[in-house]
Amino acid sequence: GAVVSQHPSRVICKSGTSVKIECRSLDFQATTMFWYRQFPKQSLMLMATSNEGSKATYEQGVEKDKFLINHASLTLSTLTVTSAHPEDSSFYICSAAGGAPYNEQFFGPGTRLTVL
Amino acid sequence: GENVEQHPSTLSVQEGDSAVIKCTYSDSASNYFPWYKQELGKGPQLIIDIRSNVGEKKDQRIAVTLNKTAKHFSLHITETQPEDSAVYFCAASIPGGTSYGKLTFGQGTILTVHP
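Order-wise, the sequence lines are chains A and B.
Residue numbering for the first sequence is 1 to 116, as defined by the working numbering.
Residue numbering for the second sequence is 1001 to 1115, as defined by the working numbering.
One or more hints might be untrue.
Claimed, not checked - The calculated DSSO-like cross-link candidates involving lysine-lysine, where the alpha carbons are at most 30 Å apart (straight line), are: (1) K14(A) <-> K1042(B); (2) K20(A) <-> K1042(B); (3) K1057(B) <-> K1071(B); (4) K64(A) <-> K41(A); (5) K41(A) <-> K1042(B); (6) K1057(B) <-> K1042(B).
Source of the hints: derived by calculation from the structure; they are not laboratory data.
Remember, predicted model here, so these are calculated numbers, not experimental data.
Next up, chain A with everything else stripped away, as it sits in the complex (with noise of 0.2 Å):
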């Protein structure tokens, strides 16, 4: 199957500080790609759809501020979670659509935040 990749794997940062988070395909031109979330021992809960070039759709209740998106080329998505704070502690995970007309995802391995 398709690869994609995130860096970094793990990251440990001060509150109030930024993070960036990167997610590649490695393989494939992704047209959309989708960030998520997922606390210990729960679901995978999606935080925002990126399509390249234009502007990223937040889910509800996702601040689209503090979650900055930003999708600059078929292969490269970044995440900035900008002032963090120990309730973003979470791990991220990113994953990649090739485009239609099957809906297949491809998962990067996590970016594990921890907010200090």
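Please build the complex by placing chain B on the supplied structure of chain A, with the hints as guidance.
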């Protein structure tokens, strides 16, 4: 929007036994149903998927069945092995419009296979 319910939340079996996980969905427009395996600290891995024009699909020890009328689909793992132990998620996707390609996940099932 779509709602996906998954059962059971935990499942414990002996090596060699079969395991079945069931999901129901609410929106009849959903047409794509993937299953993911997630190991601790890793991202989900697609193990099998099925589309609404198919009733059953099999890949070695793994099979998925879909009942569109009842709006439920199931994952079947035969001859389970300890390495099958993980969290399994079902998901459903609705085509078209602003929700194109968006997956709604079930709550997950922790499968433990005892040697």
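*Are the Cα positions of K64(A) and K41(A) separated by 30 Å at most?*
At roughly 25 Å apart (the allowed maximum being 30 Å), K41(A) and K64(A) satisfy the hint.
_For K41(A) and K1042(B), compute the direct alpha-carbon distance and say whether it is at most 30 Å._
Given pair K41(A), K1042(B) holds - Cα atoms ~13 Å apart, limit 30 Å.
*Does the alpha-carbon distance linking K14(A) and K1042(B) stay inside the 30 Å limit?*
Holds, at about 24 Å.
*When you check the alpha-carbon spacing of K20(A) and K1042(B), does it fall within 30 Å?*
This hinted pair holds, its Cα atoms lying about 19 Å apart.
*asked:* Given the hinted pair K1057(B) and K1042(B), is their Cα-Cα distance within 30 Å?
replied: With Cα atoms ~26 Å apart, K1057(B) and K1042(B) stay inside 30 Å; holds.
*When you check the alpha-carbon spacing of K1057(B) and K1071(B), does it fall within 30 Å?*
holds (16 Å)
No hint from the list above goes unmet by this structure.
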